[in-house]
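Position 35 of the sequence shown, counting from 1, maps to 37 under my numbering, and the rest follow consecutively.
Certain hints may be false.
[Claimed, not checked] Ranges of calculated distance between the beta carbons of each label pair, as one might list FRET restraints:
1) Q19 <-> W47: 23 to 33 Å
2) K75 <-> Y21: 32 to 42 Å
3) D77 <-> V31: 27 to 37 Å
4) V31 <-> T78: 16 to 26 Å
5) G80 <-> T29: 18 to 28 Å
6) F64 <-> Y21: 18 to 28 Å
7) G16 <-> W47: 29 to 39 Å
8) Y71 <-> Y21: 11 to 21 Å
9) T50 <-> R81: 44 to 54 Å
10) L53 <-> D79: 34 to 44 Å
Just so you know, the hints here were simulated from the structure itself, not pulled from any lab data. Ideal placement from N, C-alpha and C gives every residue a C-beta, glycine not left out.
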Amino acid sequence: MTPVQKNEDPSARGYGQGYEYFAMALTFVIAILLFGAAGWFVDGWVHTRPLFAIIGAFVGGFAGFMRIYYQVKRDTDGR
């Protein structure tokens, strides 16, 4: 059997990394929106608008930032 040669295109690898970072940005935005929405529902239940919505957005932002931080740290440590 002959070994299969990989025809690795450098630009294709660049596109793959670009999509990975786009996914991280999307995760960041979704975390803010989900935690903010959860806070909005808690505000409606407790009648404290917009206290928990703001807190939820900040918690979501922090969680999204930490997700990006650890992902980038893992990627750079592997190099």
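Evaluation of the provided hints:
1. Q19 <-> W47: 23 to 33 Å: 42 Å, violated
2. K75 <-> Y21: 32 to 42 Å: This hint is violated: roughly 19 Å between Cβ atoms.
3. D77 <-> V31: 27 to 37 Å: Cβ of D77 to Cβ of V31: about 20 Å, so the range 27 to 37 Å is violated.
4. V31 <-> T78: 16 to 26 Å: 23 Å, holds
5. G80 <-> T29: 18 to 28 Å: 20 Å, holds
6. F64 <-> Y21: 18 to 28 Å: Once the Cβ atoms are compared, 25 Å apart, the range 18 to 28 Å for Y21 and F64 holds.
7. G16 <-> W47: 29 to 39 Å: Since the Cβ atoms of G16 and W47 sit about 47 Å apart, the hinted range of 29 to 39 Å is violated.
8. Y71 <-> Y21: 11 to 21 Å: 19 Å, holds
9. T50 <-> R81: 44 to 54 Å: Roughly 47 Å apart at Cβ, these two residues keep to the hinted range, so it holds.
10. L53 <-> D79: 34 to 44 Å: Holds, at about 39 Å.
Of the numbered hints given earlier, the model fails hints 1, 2, 3, 7; all others are met.
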